[in-house]
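Visitor: Here's the letter readout for the chains.
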Amino acid sequence: MSAAGTLPDVADLGGPAQPLLKVEGLSKHFPVKGAGLFQRKRVARAVDGVSFAIAKGETLGVVGESGCGKSTTARLLMRLIEPDAGEIVFDGEKVGATLGLRELRRRMQMVFQDSYASLNPRLTIADSLIFAPVVHGVARAQALALASELLEQVGLDPSIVLGRYPHELSGGQRQRINIARALALKPRLVILDEAVSALDKSVEAQVLNLLVDLKRRFDLTYMFISHDLNVVHYIADRTMVMYLGKVVEVGPVEALFAAPRHPYTRALLAARLSTDPQARTSAVALDGDPPNPIDPPSGCRFRTRCALAAEVCAAREPATIEVAPGHSVACHLHDPASGHREAQAHG
Amino acid sequence: MPRTRSAVRSPGHASQFARRLLADRVTLACLAILLIIALAAIFAGHLAPADPLKTSMAKRLKPIGTPGFWLGSDELGRDVLSRLIYGGRMSLLMGTWPVVNALIVGGTLGVVAGYAGGWINMAIMRTVDVFYAFPSVLLAVAISGALGSGMKNAIVALTVVFIPPLVRIAETAATQVRGLDYVEAARASGAGAATIIRVHVLPNVLGPIVVYASGLFSVSIILASGLSFLGLGVEPPQAEWGLMLNTLRQAIYVQPWVAILPGAMIFATSICFNLASDGLRAAMELRT
Amino acid sequence: MLNYVFRRVVYAAPIAIGVTLLVFALLHIAPGDPINAVAGPDAPADVVEALRRAYGFDKPLPVQYLLFLRRILSGDLGVSVATGRPVSGELAAAFVNTLVLALGAALMGFVAGVALGAAAGWRKGSITDRLATLVSLIGVSIPHYWFGMVLVILLAVEARWLPAMGMGTGLGDLAVHAFLPALTMAVIPTGIVARTVRAAVGETLEREFVQALRAKGLRRGAIMRHVARNVSPTLIAVLGLQFGYLLGGSILIETVFAWPGAGFLLNEAIFKRDLPVLQGILLMLAMFFVLLNLAVDVIQAWLDPRMRRA
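Chains as they are written, first to last, in the numbering used here: chain A, 172 to 518; chain B, 134 to 421; chain C, 6 to 315.
Don't read these hints as lab results, they were simulated from the structure. Heads up, a few of these hints could be off.
[To be verified] Which chain C residues stay away from chain B? Per the calculated CB distances, all over 12 angstroms, these:
{"hint": "1", "residue": "Ile22"}
{"hint": "2", "residue": "Leu26"}
{"hint": "3", "residue": "Pro49"}
{"hint": "4", "residue": "Glu95"}
{"hint": "5", "residue": "Leu96"}
{"hint": "6", "residue": "Met154"}
{"hint": "7", "residue": "Gly254"}
{"hint": "8", "residue": "Gly268"}
{"hint": "9", "residue": "Arg278"}
{"hint": "10", "residue": "Asn298"}
{"hint": "11", "residue": "Arg311"}
[To be verified] To give an idea of the interface, some chain B residues facing chain C are shown, with a C-beta separation under 8 angstroms as derived from the structure:
{"hint": "12", "residue": "Trp230"}
{"hint": "13", "residue": "Val263"}
{"hint": "14", "residue": "Leu280"}
{"hint": "15", "residue": "Gly283"}
{"hint": "16", "residue": "Ile355"}
{"hint": "17", "residue": "Ile404"}
[As the list claims (entries may be wrong)] Derived DEER-like restraints, expressed as beta-carbon distance ranges:
{"hint": "18", "chain 1": "C", "residue 1": "Phe11", "chain 2": "B", "residue 2": "Arg158", "range": "40 to 46 angstroms"}
{"hint": "19", "chain 1": "C", "residue 1": "Ile34", "chain 2": "B", "residue 2": "Gly178", "range": "35 to 41 angstroms"}
{"hint": "20", "chain 1": "C", "residue 1": "Gly80", "chain 2": "B", "residue 2": "Arg158", "range": "55 to 61 angstroms"}
{"hint": "21", "chain 1": "B", "residue 1": "Gly325", "chain 2": "C", "residue 2": "Val52", "range": "29 to 35 angstroms"}
Small disclaimer: the values here were computed from a predicted structure and weren't measured. Ideal placement from N, C-alpha and C gives every residue a C-beta, glycine not left out.
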């Protein structure tokens with residue numbers, strides 16, 4: 172908040188080796204409305220001990236089925252929901268300790284899935300865009316100038332768009348505006364929660380390319396959440412796979428897609444419909460519905476749908492093992508100390 | 134980089150609302166009638182032919198059409214027409230002021246409860262539930278009865294009666310808006326609760342709340358006059374429609390048509406408020 | 006189902022307590038020394054002292070409230086300032102009278118409202134529909150105490166068909182005397198029930214499963230039965246509320262018709278500043294309303310299993 176009324180850039184601490192975001196043991200349990208008065212309080216363990224790191228300048232893709240906790244994780248990072256446990260460190264500063272919420276907001280922003288619900292229907296686009304900068308002390312005139320500039324960066328004509336209301340624009344235009352709004356505070360990390368999922372395919376491609384472009388231009392880091400594996404393959408540098416509130420595999424995107432280690436990742440990738448007309452299959456890769464986060468299976472949560480499950484999988488939760496540089500899996504199969512009959516070392 | 138094709142221009146919310154309202158003849162007529170009654174009440178001094186408080190033992194209970202007493206005279210010889218015009222002041226005041234008060238207090242409580250959630254929400258809503266355990270007439274009479282008669286006490290009693298429904302509707306609207314992504318985005322931008330409520334929540338909940346409140350005016354007029362009818366509101370010898378109905382009750386055997394005139398005024402005003410508020414609701418339908 | 010009933014009862018308990026708190030508070034928001042409100046202006050000094058000790062006016066407020074609570078729970082609603090008789094006795098008879106009126110009005114309102122609403126909802130946009138809308142509008146806009154006066158003028162003064170006030174003697178006479186007040190009170194529920202039924206019937210008829218039934222060739226009567234089953238939960242809820250409102254709002258009509266019910270007693274109590282009676286009536290009526298709401302919710306949940314999740 173300088174006297175000139177513009178937002179100063181967020182300084183880089185710690186250099187390129189320090190991860191921009193480091194998350195340790197993040198957990199959130201939601202209380203579930205009990206059916207009876209005398210039953211034990213039940214909780215849905217939406218996010219359970221999630222740990223990962225995002226390096227500066229990379230795009231971390233986050234994939235998983237509905238209910239795996241990806242969106243909850245995003246909201247926990249943004250502190251829109253309070254975590255039950257866990258530590259978040261942004262560029263070396265611990266959130267809650269050295270980094271206050273207001274400063275965190277300047278460093279980390281989010282783009283939501285529903286482009287229409289993300290904009291206040293009663294505000295013009297201009298008002299929506301200048302809201303955040305004005306809150307942080309920027310003068311209105313400067314904020315408007317900033318808004319115009321951002322609109323141009325996302326490929327929209329400010330003279331047409333600034334005075335409009337959300338219902339007068341298309342989905343693709345609105346999502347561009349949402350991206351512009353996220354960039355208004357000059358964040359370093361942008362979380363994209365299914366940001367392109369609701370768009371038509373052609374528009375989706377345009378917005379994806381825009382995101383890639385913006386990342387380069389503004390030196391951003393992305394956390395890209397999506398259920399669409401092909402999109403993640405296109406845009407991510409590393410990918411994190413979540414299942415039922417836990418991280419099951421993290422790794423460089425090419426390596427993970429080419430040779431997935433975790434049975435769940437393998438099943439997810441196999442479940443993608445192939446564009447090759449010769450590759451017909453009637454075998455279902457992933458059986459059944461995802462189990463309930465209220466009563467997850469003991470030990471490894473995936474074991475009820477895993478073809479390779481053994482007794483140890485029900486007894487103990489798998490440890491996270493690094494199978495290659497930057498690539499780790501949480502599965503007894505890859506832990507030689509687990510006692511799994513087919514355990515391999517760095518397989 | 135693809136440029137935007139020009140987006141379709143459509144009118145803002147305020148002009149849409151105005152246009153819909155102006156096209157609704159029934160609502161306009163009702164609003165006009167209400168305006169006339171209100172103006173007549175305000176300028177009663179210039180319009181009323183006689184002094185509403187001047188009694189005359191000789192001229193008691195004259196029928197409608199008597200020269201000098203165009204709508205008849207009441208049980209104390211006062212001119213009914215003048216008392217009806219002057220009565221509009223008290224009746225309209227007692228009918229509208231409680232709703233306005235309740236809108237401010239109840240609306241604020243409800244929006245705070247809806248936005249805050251958690252135990253604040255529970256505390257406010259459960260307290261409101263207790264008031265809901267009383268039928269509104271009963272509550273109004275009870276509070277009014279305990280406080281004593283008089284216009285101020287009646288207004289307080291009615292305000293208390295109308296706060297719970299307004300809290301409920303404000304809370305429902307605020308809770309719904311709070312869950313929307315744009316409020317989350319506003320929270321994510323680091324704004325404080327007060328700013329978010331002012332910029333994002335209030336404009337989007339004010340519509341349904343005000344429309345609901347407008348529907349309460351007709352109930353308030355009836356209740357307020359009802360309290361005076363029971364002797365709990367305005368005190369004699371003031372002119373007020375409900376009080377007039379009460380004092381003229383004995384006269385139904387002598388001059389029935391004079392006796393029911395004040396009630397007809399209450400009825401007419403109430404219908405106009407009802408129709409106008411329905412029209413307001415229709416005109417406010419938010420476009421998606 | 007039992008679970009829902011249990012939860013609902015537990016939910017009602019703090020509300021009931023809140024009601025007693027409110028009624029208790031009324032005594033203390035009244036201007037002047039509460040002891041005068043209980044003892045009356047010319048009670049002898051020793052009576053005043055006895056009452057002061059019994060009510061505990063010299064003790065702190067929370068203690069007074071607990072004393073109050075203990076008294077009500079043991080059935081002692083105090084003694085009327087005006088008559089010197091225990092409140093509960095006077096209340097019982099008056100309450101029954103009000104109940105008679107409310108039931109009559111509710112019945113009339115229900116029948117008229119359902120008939121009108123169903124006819125209107127069945128044929129939206131027709132004359133019946135317009136008529137129903139008009140009746141609904143009148144029902145919610147009319148000051149019923151005024152309407153009572155109008156009816157009295159038309160039927161008792163001008164035409165001399167029906168008596169203008171009181172309860173009469175004997176059962177047959179009762180019905181004759183009760184007719185006008187009940188009819189007057191019936192206007193409110195008629196309007197609201199008609200509006201609710203019209204909306205519910207119209208909405209149900211438009212739903213797809215009804216189109217499917219029609220395509221199967223089901224006759225009108227059978228379709229109406231399906232519609233009725235869908236509409237009944239909402240209808241029960243509205244009726245329950247209306248009945249409660251009738252009980253509470255009876256004060257105005259009972260005043261017009263000099264019907265000796267709880268409302269009439271309430272009116273007298275207010276004028277004689279007889280606060281024990283005022284509190285007693287309030288407590289009884291409010292508690293009845295709470296129980297009524299409970300019953301309505303339970304019946305609704307029984308009829309419509311979807312409600313049980315709340």
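Visitor: For the hint on B:Ile404, just tell me whether its beta-carbon gets within less than 8 angstroms of chain C.
Guide: Holds: closest Cβ of chain C sits about 4 angstroms from B:Ile404, inside 8 angstroms.
Visitor: Should the label of C:Glu95 as a non-interface residue stand, given a Cβ cut-off of 12 angstroms to chain B?
Guide: holds (17 angstroms)
Visitor: Closer than 8 angstroms between Cβ atoms is the bar; does B:Trp230 clear it against chain C? Give me holds or violated.
Guide: violated (18 angstroms)
Visitor: Using the beta carbons of B:Gly325 and C:Val52, state whether their distance is inside 29 to 35 angstroms or not.
Guide: violated (60 angstroms)
Visitor: Does the nearest C-beta of chain C fall within a distance shorter than 8 angstroms of the C-beta of B:Ile355?
Guide: holds (5 angstroms)
Visitor: Could you see if the CB distance from C:Gly80 to B:Arg158 stays within 55 to 61 angstroms?
Guide: At 60 angstroms between Cβs, range holds.
Visitor: C:Ile22: least C-beta distance to chain B exceeds 12 angstroms?
Guide: violated (8 angstroms)
Visitor: Run the C-beta distances from C:Pro49 to all of chain B and say if the shortest one exceeds 12 angstroms.
Guide: holds (26 angstroms)
Visitor: Does the no-contact call for C:Arg311 survive, Cβ to all of chain B over 12 angstroms?
Guide: Its Cβ never comes within 12 angstroms of chain B, the nearest being 19 angstroms, so this holds.
Visitor: Would the least Cβ to Cβ distance between C:Leu96 and chain B come out above 12 angstroms?
Guide: The claim holds: C:Leu96 sits with its nearest Cβ about 14 angstroms from chain B, beyond 12 angstroms.
Visitor: Given B:Leu280 as an interface hint, is the shortest Cβ-Cβ distance to chain C below 8 angstroms?
Guide: holds (6 angstroms)
Visitor: Should the interface hint for B:Gly283 be scored as holding, given a Cβ-Cβ cut-off of 8 angstroms against chain C?
Guide: violated (10 angstroms)
Of the numbered hints given earlier, the model fails hints 1, 2, 6, 7, 8, 9, 10, 12, 15, 18 and 21; all others are met.
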